[in-house]
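Starting from the known structure of chain A, fit chain B onto it as the hints suggest.
Here is how the chains run, residue by residue.
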Amino acid sequence: MIGTLAWVLRRDLRLALRRPAELAFALFFFLIVASLFPIGIGPQPELLRAIAPGVLWVAALLASLLALPRLFSADHADGTLEQMAIAPHPLTLIVVAKLAAHWLTTGLPLTLLAPLIALQFGLPAEAIGVLVLSLALGTPVLGAIGAVGAALTLGLRGGGVLTAILVLPLYIPALIFGAGAVEATVAGTGASGHLSLLAALLVFTLTFAPWAAAASVRIALE
Amino acid sequence: MAIPWFKYASPASFYGLAGRMVPWFTALAIASALVGLWIGLVAAPTDFQQGDSYRIIYIHVPAAWMGMFVYLVMAGWAAAGLVFNTRLSGMMVQALAPTGALFTFIALWTGALWGRPTWGAYWVWDARLTSTLILLFLYLGYLALRASIDDARRADRAGAVLVLVGAINVPIIYFSVRWWNTLHQGASVNLQGSSMATVMLTGMLVMAFAAWMYTLAVSLARVRAIIIERERHAAWVAALPREGSPAGG
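Listed in order, the protein sequences are those of chains A and B.
For the first sequence, our numbering begins at 1 and goes up steadily by one.
For the second sequence, our numbering begins at 1 and goes up steadily by one.
Hints were generated in silico from the structure; no laboratory data involved.
Incorrect hints may appear among the rest.
As the list claims (entries may be wrong) - Here chain A is said to cover these stretches of chain B; the calculated rule only asks that three of the stretch's residues, wherever they fall, bring their Cβ under 8 Å from a Cβ of chain A:
{"hint": "1", "stretch": "153-164"}
{"hint": "2", "stretch": "167-180"}
{"hint": "3", "stretch": "208-222"}
{"hint": "4", "stretch": "226-239"}
A virtual CB, placed ideally from N, CA and C, is assigned to each residue, including glycine.
Chain A on its own, in the form it takes in the complex (with noise of 0.2 Å):
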């Protein structure tokens, strides 16, 4: 079992680091979007202090949005999808080993340029800290939510937008959470609640949502 952990999550990472471009995709679009508001806005600095919080968030689940296809599609095109699903090994362990991969090459690349983003919006130090935290445990429930909607779309047209309608409305939670957490500290009202609240839905999507995203593939795989 743990062998097929390692051996999916090992495939997954070498595949990923095979095409560096294609991982950096999802960084650059980040970075634009997030320009794009104080351009659009103007350059306030309050205005965007108070913003940042949303902005970023949004931000960063719409780029992992983009990343979304990653995770089955190719696999899915070249017949290895069909292969996992007919190994010895539940489905579900090796969707959660891709998540693992999905997430060190997305989520946790989005987190770490996060604070570089921050900094042009003037966020102070400690709501720095507090988005960073947000985004470690924001980004695996927008990864695990979306393997669900990645699975549902295999192969059928218009993937892309379609994936998206499904997913948005099942990322509000994390995003009332993840930039609720940034505002509270921005306001000084402490962002523990929200930390707390936002650790419990990674802990319930993390429970659930692999089961049901290999139900997904499995339905695709007809």
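Coordinates of chain B only, in the frame set by chain A:
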């Protein structure tokens, strides 16, 4: 005693049952809507605070209830479909979704029309409004997924997973939105908290009953169409008498 639990799980036998029930539910829907509208628009007095604009609740509240309830019913059918692998369950989910989306939309629309004279704005980011909007997004997601899958059985199963994931998320979304709302702007808006006059409540409940009957009638009529469409190659469909076409045609 053996109860034939699964007799009507077969589309062929449910087709006939639904056909017999549709006229009854239609009649009940029309009759109770007429009574409810009469109570709401004629019998009920004008509200002393809100004037006549409050009368929109006779449409608004039943629509909002129905929008939420239909999603639960869909989730029930989706679970049944995944557990028992019955074809009818997926068809019922498919038949209910447009009605649920319609009611959710009506609830938002009438809410906006009511909010303008009462709150002075068509839209406020109140917790209930926001979560109703998200519910509409969930309906639209289901309809979009369904529309992009050609194979009906895959659409049934994929849709069932999506509806169940959504149903698990609905309470989380509702409470997170409430939490978000209270932190942002405090309790700025309360739907009329005071007790309602009996005649108003009666009118609203009658209208809610009408909404139920309408949903039953429409979704059963729709599921009949879905059954016929999907089972068109089955022998029992070919044996049905053709309506509206010349004999033998």
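Hint check:
1. 153-164: holds (count 7)
2. 167-180: Three-residue rule met by the stretch 167-180 of chain B, so holds; n is 8.
3. 208-222: violated (count 0)
4. 226-239: violated (count 0)
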